[in-house]
Amino acid sequence: MKRLLDSDLELVVESNFIYLPLLFDPEIEKEIQSIFRHGKQTENSEQLDLKTIIKHQDKLFIKALNIHSLIENYEVINACDYNRLRNDCLMKYQIAGEEEGIFLDETLRIILFQVMPHFIKKNQGLVRKKFSDEGILDLINKKIKIPEKYYNNAATFQNLEPLKKILEGLENETLMSTPPKNGILTGRKLRDWFYDAIQVKVLTSEHRRIAQALKVRKQFRQAKPEHIATLLYLSDTGSIEIDGFGFTRHNAYKGEYLVYKRTEGYILKDYYARSYLFPECRVAVSTYSPFRPFVIEKYKHPFLLDHKSGQEICIKDFVPSNELSAKNIIRTLEEGLTALHYGYNGRRRNGYHSLDKMWVHIPTIDFEDYRI
Amino acid sequence: MSDIDLKKELQMDEAEKLLPLVLEIIPGHAAEGLIDIYEPGSYTAKSLKKLCDKTLNKKNLSIEEQLIVEDIKRQLDGGKLLSRGQEIEGTALEFAVSEQTEAGEKYLYIPIRAIKPQEGGLGS
Chain A
1 MKRLLDSDLE LVVESNFIYL PLLFDPEIEK EIQSIFRHGK QTENSEQLDL KTIIKHQDKL
61 FIKALNIHSL IENYEVINAC DYNRLRNDCL MKYQIAGEEE GIFLDETLRI ILFQVMPHFI
121 KKNQGLVRKK FSDEGILDLI NKKIKIPEKY YNNAATFQNL EPLKKILEGL ENETLMSTPP
181 KNGILTGRKL RDWFYDAIQV KVLTSEHRRI AQALKVRKQF RQAKPEHIAT LLYLSDTGSI
241 EIDGFGFTRH NAYKGEYLVY KRTEGYILKD YYARSYLFPE CRVAVSTYSP FRPFVIEKYK
301 HPFLLDHKSG QEICIKDFVP SNELSAKNII RTLEEGLTAL HYGYNGRRRN GYHSLDKMWV
361 HIPTIDFEDY RI
Chain B
1 MSDIDLKKEL QMDEAEKLLP LVLEIIPGHA AEGLIDIYEP GSYTAKSLKK LCDKTLNKKN
61 LSIEEQLIVE DIKRQLDGGK LLSRGQEIEG TALEFAVSEQ TEAGEKYLYI PIRAIKPQEG
121 GLGS
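So the sequence lines, in the order shown, correspond to chains A and B. Sequential numbering from 1 applies to the first sequence in my numbering. Sequential numbering from 1 applies to the second sequence in my numbering.
If we strip away everything but chain A, and leave its shape as in the complex, we get:
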């Protein structure tokens, strides 16, 4: 596609479609003659008001791409080039980054305000009271040292003027691109038009985003600066750990997280009631399916098939939900933790492996080094 746009190849634009020169080939020539002779082309053209093959200055062109479809889907067709064009456009118009993303990230809000309160100590003393979202942010602020720069960013965040100016600037721009006129044009000319059209698309979408961002910032105008600083810190780092509960943003999947709970060391007993001390580990669940508990670290346990990292915990009668909700995340983590801590029965030796050596000839995981 890029090569086509960078070329001097003559193209035809008609009714918002790009027509490419037809290859000169005897077989194709024969087919074309047959189409024209039988009038199929004319019939189809009238029906659809579009011709598959057109003649222009005695040259034949074949219908290839819809230019609107190309603009709409370019982000998917060539993500790398689209992002380059987008970044150029954002720089040209000095449009701010996406700090407010966290305020719109529903998954993170679920983890932060619904899952985390279940696993961390919130109350002091003997009273049990419900914590508001602000209370949770206060608690994070108390337990995590937020670097100074996020407090500065919070002050910037709460100042709406620069964003308003950008929005006004965008509103003054002509956010429209006229499709090229019907007729012949070179690949390079089409490219110039195409890049303008992409810029219009980016600016239109940025206009929407900034209008939304401004709305969010207005909502948080009265919020405590330390709360904004905490949220900006989370947006930037994408991870946090308090009282052994934590989450971390997934690098490969945008907007997805790994939520985990750290176990402390625990003891399991074998068939002969001998004790084995298991080291701590992190039981996790991802926010994208499958919603099954697994151990992050390299770990061994009767319910893990191997001795390696990222292994799913083998659990009986557990049907993972397809829906992402706080309740399901909590349930999945609890099932995983309970299985590791309390699920193994030394007498029944349930699991992939037995704690005591049972099979002489079948290779299995050895737990002798955990014996106490």
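If you want the footprint, here are the derived chain B segments under chain A, 3+ residues with CB under 8 Å: (1) 19-32; (2) 57-69; (3) 105-119.
Don't read these hints as lab results, they were simulated from the structure. Ideal Cβ placement from N, Cα and C applies to all residues, glycine included.
Given the coordinates of chain A, assemble chain B onto it according to the supplied hints.
Below, chain B alone, put in the same frame as chain A:
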């Protein structure tokens, strides 16, 4: 100091039997549970199981406490109460450890988890 050492120390220190007992029943692997306080002398002759039943049947709970009790009962549907990985058979003093508030007041504390069993593996 291990739990066994702590228990021995408790047995030796008769004065500690005069401390109030704080019982916390925690649903699953949550961080916080339902708290109940027993005055000195009110718990010594009773089994820990009985104390737990009494705590779970407490009236006049706040909405937050009622939600915790619901969660505990959900776990106990086929589950059991465990303290430090052991079933709660015996008296409260056998499981209690001595702690103190920020103000320096001593009390005995027993954390109990309501755990719904989860069997893993392939079975036998």
